[in-house]
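K.L.:
Below are the chains, spelled out letter by letter.
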Amino acid sequence: MTLKEELAERIGPGKVRDDEITLVTYGRICHGFDHMAPFRRPSLVVFPETRQDVCETLKIANVYKVPVTVVGTAPIMAGTTEGGIILDQRRRDKILEINTDAGYAVVEPGVTFDKLMAALKGTGFKCSVGTMPGSATVLGQALSRGSQSFSTRYLSLVLDLEVVLPDGTVFTTGSSHFDGVGSHLRYGPFPDMAGLFTCGYGAFGVVTKAAIRIHPVNQVYKVHFAGFDRYADSVEYVKAIVGNNIPEHAVIWNWHMYLTWPLSPSDLRSWLPLVLNSDVRRPPEGVPYNLVTSFLSGYEEVVEVYEKVCDRVARSLKGIVLSEEEMARRFPHTLSGFRDQYGMYPRHREAVHWCKGRFVGFYAFAAPKDIKEVERFAVDEFSGFGSAINPVNYYSHPFDFGRSFLLRIGGFPDPRETELRGKMLERIEQMQEKALREFGAVPIRPLGMWGKVGPFMDVLRRIKGALDPNNILGRDSGLFDRGSR
Amino acid sequence: MNLTLKDLEDAARVCLRDGRCAYGPWPEGHILCPLYLREPSFTFTGGGYLFLVLALLEGKIDLTEEVADFAYSCSGCLSCDENCHIIASVKPEIGIVGAIRVLRSEAVRKGLMPQPIRMIYEEVRSKGDFGRPWRAVFQKQAAGNGETPFVFAECVHSEGTVRALEAFERLLGKMGVPASFLGTKGCCGASLYEYGLWNRLPELIEENCKALADKEVCFLNPHCQYFVERVYARVVPDFHVRATNVVQFLLAALSEGRLIPRRKGKVRVSYHDPCYLGRGLGMYEEPRQILSLLDGVELIEVGRNRESSFCCGSRIMGNYLSRLSEETAEERVREFKETGADLLVTACGDCVDSLGRFFDRERIRHIVEFVDERT
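Protein chains in written order, with the numbering used here: chain A, -13 to 471; chain B, 71 to 445.
Here are the computed lysine-lysine pairs in the DSSO-like style, where the Cα-Cα straight-line distance is at most 27 angstroms:
#1 B:K130 to A:K(-10)
#2 B:K76 to A:K409
#3 A:K1 to B:K130
#4 A:K80 to A:K45
#5 A:K51 to B:K130
Now the stretches of chain A that chain B is said to cover, found in silico as 3 or more residues with beta-carbon under 8 angstroms:
#6 -1 to 10
#7 71 to 77
#8 99 to 105
Since the hints were derived computationally from the structure, they do not count as laboratory data. In this text the structure is predicted, and so the values were computed from the model without any measurement. Ideal Cβ placement from N, Cα and C applies to all residues, glycine included.
Given these sequences and hints, build the entire structure.
P.N.:
This is the structure:
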C-alpha cells in the first residue's frame, strides 16, 4: 500500500490529492511576499476536516518519514519541502465558541479575520486586527505573532492552543488542559507551552484549535489624530500616552503609508503618483511626516478627557492635532480608511499596495530610545533604493505598554524587477545585522539569526529532537537553518 | 484575442494566494466559486488557475487533456474578478476569468477540449459561427422603426430563451410596439469567446459590428450583451452600440404605464441573479423593481443574492470535478427551496434551463415570461 492509499483509507479519499494540477499549484504556496521563492512540488496535499485526520496524517508521515508542512491558507514565511506533504487546514474553519463573559473565541485554524469579524458583529466584542487582508487566517496571524492592534497591551492573541504532536499525541496548553475548564487563562500552574508553538512555524506540532483574545466594544470609541514632523517626537508622544493608560492602542504611520494604505484600488491610482515620485524623507508642505492614530475608548466622560490629554501631550511634543473635520478636508481617503479600520475592517487594506508591486520589508523591535535610531537608519537605507520601490511604507507601534517598539518598513518594487528585489533582500539581511549590532534591534523572524542567540538554538533543537525525532514537521519552515534541527 | 499564456505572467505573479477570489463580499463572506465550494483547495480558486498558468510557463506541467478539462471546469461566473482587486489592477482588460479563457484558447490551439466544446468547435469550423437565430424567417421581415430597439435574438441556445422571446413578442404586442428582430449571423460570439474558440471570432465580430453599429439593441441574453458591449470595441475600436437589457426595457414600460399590471393572486417569488446580468452588467435592482411593480408579488431573497449571488452552473463544460455543473445547479436549487417561495424568477435563459434540470420547470420563470403573465 502506498502512502497515499494508506492515508486515503484512514482519513477518506476526498481529503488527499495528488493530481498533477494540485501538486504544481501548491508548488509555490508559500505566501506571495516573494514569488522568487523556490518551486517545491509536494507529493501529496492533505485537507483534514477533523483533528483525527491531522493525527492520522502525522502518524503515517512518521512511519514513512515524509516531511509535513502545515498551512492555513498561505504561509507567510514557511517554505514547503520538495516531495513532502502539505497539510492544508483551510477546511477546518469553524468558530467553535465566542465567550463574551471571559472574552475569548475558540477557532479552528482555517477561520479568517473576515469570518471572525462577521461572527463578532452584534456580540459587543471585536478582535485585534493588523494590516493584513481580511482573508488571512486568525491563527496564521496569532501563531506568527504578527503585528496587530492591541499589541500595545498584549503581546499575543493566543490564550490556549490545542496541539497535535508528530506522534499523534493531542494536548492543550492553557487552562483547558484541566478537564471541563474553559480557555480563559493562558498561564496556569505549569510552564507556558503556548509560547513554544507561537513563532514555532509548525516545526513542533500542528495547532488544531485555539482560543484567542477578543475585546469588548466600549460605550464610546474615537480615533485621535496627531501629526509630527519627526519620528522621535512621535515615539515620545506614544510613550507618554501609553504609559498613562490612555489609548487602547496607538500606531505611528509614515506619510507614504497613511496617504495610500487606506485607499481602495481606484483611489490608489489617483493618489499614488504623488507618492511614487517623492523622497520618503521629505513630505510635501503641509503633510505631516508621521500621523499617530490613537484608539480611545471607554465611557463617554472618560473618552472626552482622553482626547484632551492627547491634544495637550501632542502639542507639548511639537505635534499638531488634526480634528476629524480637518482630516476630512485635508486627507479624506485616509480618514475614511481609518474609519473602516477601526470600525468594521473590510477587505481592502495593505493588499491594495500589492497592486503596485511586491513587498520587501525590514522589521525590528527595539527599546524606545533605540527605535528612533533604527527608524533613521532604515528610512535612509530604503531611500537609497530610489523611487522604484515607492511607496516606502512604515508603521510603528509599542508592545507591552511601550517597553518595546516595532518598526516595520517596506517598499513595493515591480515584481519583474528581480535584480532590484534581489539587491533589496540582500541589503535587508545586512540591515538586520547592523540594527542588531548597533541598536540592539531584534528581528521579527529567525532567518539568518540562527548563530546569534547563543545556546538558545541548541535548547530548541533538543526540544525539537524529543518531540519530532524523525524531523517530519516544518523541515523547511525557516526555524532552523537549511532544514536542519 | 491574440493573447497567449505569456501575456498572463505579470498578473499571475501578483496573486497573493489567499483565496480571496473564492469568497463574496464582507461581512457575509459566502463561498461563491462553484469549484471551491465543491473542493476547498487553493487549486480550485481563481488563483489556482493563475498558478497553473505559471507552472505551464515554467515547464512544471504540460498542457494535457486534464489541464484542458480543468480549464473548462470553471463556470466563468465572474465572482473571482469581483472580489479580487489585485489581478484586475494589473490586467484590468483580462482579469482572472479572462486568463482562464486564454488558457482555454491555448488548449483549443493544441486540439485539446472536452466533448461538448469539440462539438461547438466542429460546428464553427463548418458553419463559421455557433448561431441559433430565433425565427429566421421572421427576421428577414424585420426592420427597425427608429423608435423601438431591435431585439437581439441571435444566440437562442436554450429553451428558457425561446420561452422568453415568445413572451417578449407578446409583451411588445400588448404595448403596440412593432417587433424588430435583428437577424444577421445568428451568433454574437459570446460563447465562442468564453470557450476559447477564438479562431474565427474577429471576422464574426467585424461582420456583426456592421449590423449593430449605432443601433439601439435590446438584449435578452446577458452573456451576449456583456460580450457585445465590452469586447467588440476591442476588435473594432470605433464600434458603438446603444445596448439595453430587457429588464431595463420592461422596467421603463411598467414605470411609464405602457404595461399595466393585472390584478392577480398573491405569489411569493425568489429571484436568482444571473452572473452576467449582475456581476457582468451591474443590474441587480432593475429586476427587483420590476417585481415590486407587479400586483400581488412578494419577493423573498435567497441567502446568496446580488453581488453574492451563486452561479447556476450552466457554463461548466469540463468534468475535472465530476458532476460539477449538476451539483452547482442543485446547490442553487437547494438554496431556493429554503426560501419557501412559490416561483423562482431569473433573467437569463441559460439559468432557466440549468436550474430546470433539478427543479419543477413549471415553477421557474424567465422574468419576461413572468411579466407577460401578470400584465
